[in-house]
Each structure stands twice: as C-alpha cells, then as structure tokens.
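S.K.: In case you want the letters, here they are:
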Amino acid sequence: MSRASVGSIGQRRHIALQQLEAIATTTHSFLGPHKRQKFIQDEDGGNAALVSSSARLLENIEMDSSVAQLLNETVQAHQKILRSGTNTLVFLTGIWSRVALDCLHRGFSVSHIKNATTKGLEVCLEACRRSAEILEEMSSKKDSEEKLPKNIKLTLKHSRHFTSNDHQTVKSADVSHVAHGISHGCQDSMNLVLEAYKLQSGCKTSALDIQKLVTCPVSGPSEKHSRVLHGYVVLVSAEQSSVIQHLQEQTLKMALVTGDLSEEYRHVGYNRHAHITHVTDRPDVTWESREERWIETAFKTLRNLSVDVLLVSGVVSVKLKDRCIPYNILVVEGVRTDILKDFSTSTGAVLVSYITQLTERCVGRGVKIRRWREFSRHGGKNDSTAISITAAATSLVTAVITSSIRAELQSLEDRFWSCAHRLHQAFTDGKLLRGAAATELLCIQQLYKSTPGMENPHEKVVMQLMADGWMDYISTLMLNCGTVSCKAEARTSVTRLLRLCEDGEPVCVKALWAPADVDTDSVTSVYDNVTVKFEAWRRALDLVLLVLQSDTEIITGVSEGENVYKEFVFL
Amino acid sequence: MGIFTLRLIESTQKLGLRTVAAASKVYKHLLDECNLYLKGDSCICKVRVDFTSCDSLVALATSMLTSKPACMLNSREKQHIGSLITQAFLYSIPCNSSGATCFGRTVTIAIESQSVSDAAVFPGLLVDVPEMLQPADLKRLGSGPLKVVLFNTSLAGDISEVGDVALEVYGGVDPDFEVLRQLLRLGEHIVKNEATLFACQKVVHPVLQQYLREHGVIVIERLGLGLMDPFVQITGAQAVASLCSPVPPEAYGLIKGLSFQSCGSRELLQLLPCKDFPFSTMVLCHRNETMLEELKSQSMVAKTATSLGVSHSEFLMASEVFCSSLRAVTLSLEHDGQDCLIDLTYAHRWVPDMDSPNSVKRACGCGLVEDRSNLDKTPLNTAYHTFCPVSLENTDNQPKILDSFSAKLSALNVAVEIANLVLDLKYIIRDVN
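Protein chains in written order, with the UniProt record's numbering: chain A, 1 to 571; chain B, 1 to 433.
A portion of the hints provided could be inaccurate.
[Stated by the list, open to error] Computed from the model, here is a short list of chain B residues facing chain A with C-beta under 10 Å:
{"#": "1", "residue": "Met132"}
{"#": "2", "residue": "Leu141"}
{"#": "3", "residue": "Pro145"}
{"#": "4", "residue": "Lys147"}
{"#": "5", "residue": "Leu167"}
{"#": "6", "residue": "Pro175"}
{"#": "7", "residue": "Glu178"}
{"#": "8", "residue": "Arg181"}
{"#": "9", "residue": "His205"}
{"#": "10", "residue": "Val207"}
{"#": "11", "residue": "Gln210"}
{"#": "12", "residue": "Arg213"}
{"#": "13", "residue": "Ser265"}
{"#": "14", "residue": "Glu289"}
{"#": "15", "residue": "Thr290"}
{"#": "16", "residue": "Tyr346"}
[Claimed, not checked] The calculated DMTMM-like cross-link candidates involving lysine to aspartate or glutamate, where the alpha carbons are at most 25 Å apart (straight line), are:
{"#": "17", "chain 1": "B", "residue 1": "Lys296", "chain 2": "A", "residue 2": "Glu73"}
{"#": "18", "chain 1": "A", "residue 1": "Lys300", "chain 2": "B", "residue 2": "Asp176"}
{"#": "19", "chain 1": "A", "residue 1": "Lys80", "chain 2": "B", "residue 2": "Asp176"}
{"#": "20", "chain 1": "A", "residue 1": "Lys319", "chain 2": "B", "residue 2": "Glu77"}
Derived by calculation from the structure, the hints in this document are not laboratory data. Yeah, the Cβ is synthetic: ideal placement off N, Cα and C, and Gly gets one too.
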C-alpha cells in the first residue's frame, strides 16, 4: 500500500478511536465511591432514566455507530458476569484509545502499538498479582489477638451440581471487615448483603449463595426501611389480604406453573396457525363458553388437589384470580423461573406449563406464609401487603429494597447486586488488591521502573503514555471524591509522592489522601476485587486494540426505493 | 484471494476487448500450470509436516492463529488454543481400524464471557443441559448402552408443519387436543420400546416431556439443525420425520453413556459414543463475542497433502497480469505500508526492519532463510531478471508461518474461476419490477 493511502486509512482509524474516547468521557463522573448521577431524557418519548453506572448509561443511550455498539456489548458482557467494574472498564477504554491515537500521530505502526500496550498491561498485571493480599492473612492480621483456626474456608455453591459437605463457619468479624473494605461507599447496601449472608449461614447451607438471593424493590417508604428476610418476599394486592389472613399459621401445599395461566396461552415454541376456521352446527359452542369451561376446569383442578399457593412465572387470567380468592387460594404472578426451581427443589413440586398437567405428584408441601408489613399508597387505592413465602429447607433470602424516589430504585438494586457479587468474588478469588488508588500507583511505579530496561524506543514511549493514563485515572478519582479542586492538583500530589518514594518500596497511599483530611485508617482498609479489576483492564485493552486494528467500516443496509448510499467505504 | 480476483479483473479490462476474451484462456492455462507445479514433488513452497512430532502440529495450528489478529490472543492463550486444536485433530484419527480410514469429527461450540484458558476439548458430543435434568436422573440410568431416538420434526403440538394454508375444522374438534393425543401415543410407544434418550431438533410439548420424564426418559429438545448431523453420527440413529407412524426399529441409535461436564462456569451434557468412532467437541471461550466469532472461524484442523488459440503478445500480456495480481496479494500482506522485497536467489519475501530502516529483518517472511550479505534483494514491484529459485536443502530453520495446502490451492482455483466468469460475462439481466 502506498504512503498516501495509509494516511487516508489512518484518518478512519482515528475516527473510531476518537469516538471511543468521546463516549468514555461521559462516564467520568461515575468513577470512585462518590458518583454523580445522570439523567437521560428520551426526547421523543419524554421518558427519563436516572443512572449511576456506565452499564446503565450505555444501555439507555441510542447508539448508531458500530464502535459504540461494540463498547456496549463489551460492557454488558462484563456486567452480566461480574456486576461491577464497568466504570473502570469504560474509563480505561477512553484512556487507552487516547494512547493509541497519540502513538498513531507519532507514526508508530499498529503492530508496535499492539505489542507495546500488551506488554505494558502485562507489567501492571504481574506487579498487582504479586502485591495482592490473601484473605486469610488479612483476617488473621486484623484479629491477631484472638485465636483463629488456621484454614478458614468459605464454601460456596457455584452451581446446582456442586454439593459441599464441608461446612466450616467463618468468623463474622472477618467477613464484615472484608465486606466493608470492598463496599466502596455503598455501606448501606453492603450491610444488607451481610444480613443476607447471616441469614443464609443460619440455614446450615453454604454461606452467601448468590444464586439464592432475590431482591424485592418497593417504592414508597424511605431507604432506611430496607430489610432482608428469609424466603421469597412478594407484594400482593389488597384483594388478597383476606386470603393471607386465612393462610397464615398453616402448612400449605403449592403448585408451580411456568408461562401464563390462561386459556389462550400456549408454550414457547408453539406456532399458532394463522388461518383456522371452526365450522360447527351447534350454536351453543361459543368462544366465551370455551373460556368459561377452561376456568372451571382449572379451578376444579386446584381445589381437588387442595392447592393453597399458586406461583406462576407469567400472567394469570383475571377471572381465574377472582374465582380463587373466596376459596383462599393465593395466586402470585411474575415469579422468576429460578425462584420456581428453588421451590421445586425444596417442596417437591414439579413445574408444569399447563394446569391440566397438575397431578398429586406435582404438588409440593411444607410451605408457610407470613405477613410482613403493609404499604399504603395514595390513600388505599394501591395498597399492598408484603408477605414472605418460605419452604422448610430453602436458603432463599430476599432483600426488600425501599426508596421514596422511584427513579432511584434501580440504582439501589444495582448497588445491592454489585456488593453481593464483590463479596462473593472476594471469597472465590481468596485475595484482594489494595484499594484507594494504591493499585494504580503501583502500576505507574512499575511502568516507570521497566522503561530504562527497554531497547525499543516505541515501547518506552508507550509505557510513559500508559503511566500518564493511570495518572489521569487517579486524578479523576480524587477529583470525584472532592479531595482536590482540579486534576492538575492531583497530578502534582501523585508526582511528588512518586518522587519521594524510596526505591523498591510501594507507594504509601495514605500520604496521597492525607492532605485532604481523609481518615487514613479508613483508606488503608479499602480493597478491590482481583478478578473484577483484571478482567476490566483486559477487556478495555482488547476493545481498544480491536478497534485500532479494524481499518474500514462497512455499512450494510440501504433503504429500498432510495438509490442513494448515505455513506460507503471502498476497500 | 479476493484481492487476486479483483486485481485480475481490473487489469484485464484495461487490455482491450479482443484480448479480454483471449485472457481467460491464458489464465486457465496458467492455473493448470500452477496446479501441476504445486501438486508436484519438486514444488519448493511445500513443507513436510512431521506427524510423529506433536510440536510441529501445534506450531502449525498456532501459526494460523497468529495470522488472525482479530482473535486478540496473547502468546499463552495462542499456545493453549493451538494445542487444543492439535488435540482435537489427534482425537479424530481413528485407531484400531484397518483398510480405508477417514477422519472422525470435531464439533466446535463457543461460549462467550469466559476466559480463553477455559477452552477445552472433550470426547463425544456436548449439548446444553436440558432445563429439568437433575444429577439424580443420570444416576438412575446406570451404566451400559442407552437407546436413543431422534426427531427432526416439531413436536410442539401445533400444526405448523402443513404450512401457510387455510384450515377448516368441523364438528367441534379441537386440533390441539388431537395432536396432543397423538403425541402421547408416540410417547407410549417410545417408552414401550425402552428408549432412554429422546432428542428433538425442535420444540417438544411440555405435556409429552412430563410423560416421558415420569417414565425415566431423558428429553433433549431444541437440538438445532447444526447438531443433527453430529448427533446422527455419534448415535447411529435415523431422524424420524413424522409423529403419526410408529418409529421403525432401525431408527433407534445407541450411546455408551451421559454425564455432566463443566467448562468455565457453564454446565454441559456429554454424550459418549458406543462404537469406536473418533468424535470430539472443542469448546472455545473468549471474553468478547466478536473475537469469539473470529476465533471460531479460524480454528481448523491442519491437513496436508496435498493451448490455446491466442497470439504470442496476448499470452505475454495476460501472463504479466496474472503475475502482477499474485504480487499484489503479497504486497497487501504488509498492512503498515511497508515495502516488500524479494531476494533473487530463493525468491522468498523480505520485510525491512522497523528499527533500522535501511536493512531487512534477520530472516525472511516465512522464517526459513536467514539473511546474508551476498543475498541480493529488490522491491517486489520493480522489474528484475527472471531466475529459477533455488530450493532450500538442509536447513535447520523451522518455518514460522504455514498455510494449509489444500485451502490455498482451492482458493487460487476459485479466484481464477471467478475472475474468468466475470470476464466472460457479456450481459446482466436485472429484474426491474
């Protein structure tokens, strides 16, 4: 390829990387424990969403460019598994896009950039791996005066096929110390997680089984009314309160249905035939009576099997619900399938798709219902009662999350899940990284340290640029926390600290936050998850290098009738 | 090879109408010559792959992955995937068979959001675990061969298979009820014939599923078209297309056993074949969906092997176009706009060293030839005297980059055929309505 065409292709690369950098800057305010939330307004629909994380922001924005979609894909994939670290992921994507752009301006080739940045990341990862603190040592460091068993092991259920007979209890002080360290400002949410952990370990099963955690968001009462309760907590409407009154104090039978419970419902995968005509010479066989017959059959089935509680994953026909109330059959709709499966295991009930499948063998036993509290809204019209449904051997635990601001409920729920996953991940990894920018300072140190040993001038420049990137990360973090008035001030602090630091010694992170009168003890007890951080860094660099290496964008889809191509690229 | 085709077409069109017709004949002839040379023993582009050494096979697989940067693998991950590919290939070589042998089968499945190092090769076929399946169900099956039945028609209880026609139903008949009744009759028949694994390409009605499960039959639905062929191969079952007639005895298949396997955090169900048929599944993992797709398409098992009525000037012009198009392919290998050099002894490709612009890298592009002071080189797109390349004898160097012989040969043939087809076209008919 001639030099001239390299320039023009270089322009296109710039655009994609520039786009990536631009999108990333919108999420800077989410970095760190003090997040500034954002409102996203839908101009057409008039809806608004309140977001406080990169994952939610990208979810709610309409994105036309393929780069933005790639970023969203990456972020959502990370979020789905780890539920935290997306802000770091997006921030670093922006930083490293800028590094790549800088290198391209200097005339570095793509393969040089790729090799050097990959090497730089490996340097950082290796240093962090070595400096990670092992959980067991952390706990024994904290309670050194108390005698602790040497191998504290927290067993966890990863899947339903793992059964562990090894139940060793962990000192609750250790767990709360770790939990506090990784809460990153969401102490209230982390407290809920700790309560859930306590409840679950009381059930004599493995502690903090994340598969058995449920959230129940309730809008109305203020945040301080959030609680964690044993069992499955759900809101039922005022009409069913008489049913609850009757069913309390008894041991009940339960039936579980997936899908909707109505005459028209057919299971997923059933294709309705488009053109069926029913021809009959009997005028009394009408459609209404078909539905009536179905409701009678369904109701009779429930009565004959003495079903007291019916849990359905979809929607239940209103007429059937009304039929059940006078006979004290509790009907709960919209139950997640994994909750149904848990009840199936703990009560012996068999999940069915159609009410006609219900037999004696499919009905479960040993269920209890307890009224928890009433929530009244708008003067009685939308009153609801929160009840907890428990089965004898279940380790299901529900966190009821309340907020007087409906828009904030989603953020609160996200925060709960983020804390729960971080705690779970901490015990899965068995180690943690020092937080409050300690890890990032270490990365800068290592990058500077490795530069003199490099023969390749390109690599030296890239290491320098990556160190600058980490500097930007720390400055943004400090700015968001309010400990500096501008990023330049933060950079000065960090540079001074690195200069003063002795050779070979890790940077003292306390000194970074001390001038701002931040409680230094609390600083040293802040931690980060190893897997969450490392995965976020890796995915960020993967994405930047992928975008860097794609030199053309092919636009598919031309609207019919228009013979005008809006934008196209020649290979 | 798209570059080759396009270049060939573009350059030929510049030659003038009469020459265009002649050019196709020349290209066909040159292609035949290329085929002859490449397939012959004296071809110096071919490298013998030593099957007694795992290292060379792993190197071959790894080098193919190296040539695809969009997979985004670091060297450790490349080594891991390279050795997995080799493992899968070795699994597919049948042992204990005499006479004509053919390779076995490797199915590739992809899991997103996992670390690359979770990728693994498993014997047998891996499918998604059916929703209601519990470990207790598998334990109840015990050991020993299991009878298998396979359906490729929808058993969802609907009448979608008839197509988009108008139906009239008389006499108060309920089609859903009747179809379900037939499905349950089918279920009874299957249970009576002691089948223990019931698989369907499409959806199975929940009521039928419940009936089968209650009688100790394991149900796998939504197998998908892609897995039907491997399933048939591994079990020996014949796919049944109708739910109305009883299943013929020869349609049943057999498997040795079922077990759970986990790959990363995902659970899968493993089917083990009865006969000695070499079958394996390679599970590929990657952090990002786009990179996973790229990795999946690049994982291939290494295989070896492997007049004209035109005027003199037409022949020369067409040959020059053919050669310059091949050169264009070589030049496009350097993405950074670097110059491409050819040495005048062995005819290997050389790239200037990034760090010292006036000299070349220590070894040639494929790694077989080391640089020497008397090795003359010239840029590829300049003129040079024709010469006969010397073949490399007794070199200790291993080739760094290898391509599949059959893939390259086939690509070259297809490229020339397409070019010839396009050049031969005189009219295009377009449907304006």
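S.K.: None of the hints should be skipped; say for each whether it holds.
M.R.: Evaluation of the provided hints:
1. At its closest, the beta carbon of B/Met132 sits 7 Å from a beta carbon of chain A; the interface hint therefore holds under the 10 Å criterion.
2. Look at B/Leu141: its Cβ only gets to about 16 Å from chain A, farther than 10 Å, so that hint breaks.
3. Checking B/Pro145 against chain A: minimum C-beta separation of about 24 Å lies over 10 Å; hint violated.
4. Interface hint at B/Lys147: violated, since its Cβ lies 25 Å from the closest Cβ of chain A, which is beyond the 10 Å cut-off.
5. Hint status for B/Leu167: holds, given a least beta-carbon distance of 5 Å to chain A, under 10 Å.
6. Evaluation of the B/Pro175 hint against chain A yields a held restraint, the C-beta minimum of about 7 Å falling below 10 Å.
7. Interface hint at B/Glu178: violated, since its Cβ lies 13 Å from the closest Cβ of chain A, which is beyond the 10 Å cut-off.
8. Violation of the interface hint for B/Arg181 is found here, the shortest Cβ-Cβ separation to chain A being roughly 12 Å, above the 10 Å cut-off.
9. Annotation: interface hint on B/His205 holds; nearest CB of chain A at approximately 7 Å, less than 10 Å.
10. At about 6 Å, the closest approach between the beta carbon of B/Val207 and any beta carbon in chain A falls short of 10 Å, and the interface hint on this residue holds.
11. At its closest, the beta carbon of B/Gln210 sits 6 Å from a beta carbon of chain A; the interface hint therefore holds under the 10 Å criterion.
12. Against a cut-off of 10 Å between C-beta atoms, the interface hint on B/Arg213 holds, since the closest Cβ of chain A lies about 9 Å away.
13. A least Cβ separation of about 7 Å between B/Ser265 and chain A falls short of the 10 Å threshold, and the interface hint therefore holds.
14. Among the interface hints, the one on B/Glu289 holds; its C-beta lies about 6 Å from the nearest C-beta in chain A, closer than the 10 Å criterion.
15. The criterion of a C-beta within 10 Å of any C-beta in chain A is met by B/Thr290, whose closest approach is roughly 7 Å, and the hint holds.
16. Nearest Cβ of chain A to the Cβ of B/Tyr346: about 25 Å, over the 10 Å cut. The hint is violated.
17. Our distance criterion of 25 Å between C-alpha atoms is met by B/Lys296 and A/Glu73, whose separation comes to about 18 Å.
18. Of the pairs offered as hints, the one joining A/Lys300 and B/Asp176 holds, with about 21 Å between alpha carbons and a cut-off of 25 Å not exceeded.
19. Annotation: proposed proximity of A/Lys80 to B/Asp176 is violated, straight-line Cα distance about 39 Å (limit 25 Å).
20. For a cut-off of 25 Å, the pair hint linking A/Lys319 to B/Glu77 is broken: about 59 Å separates their Cα positions.
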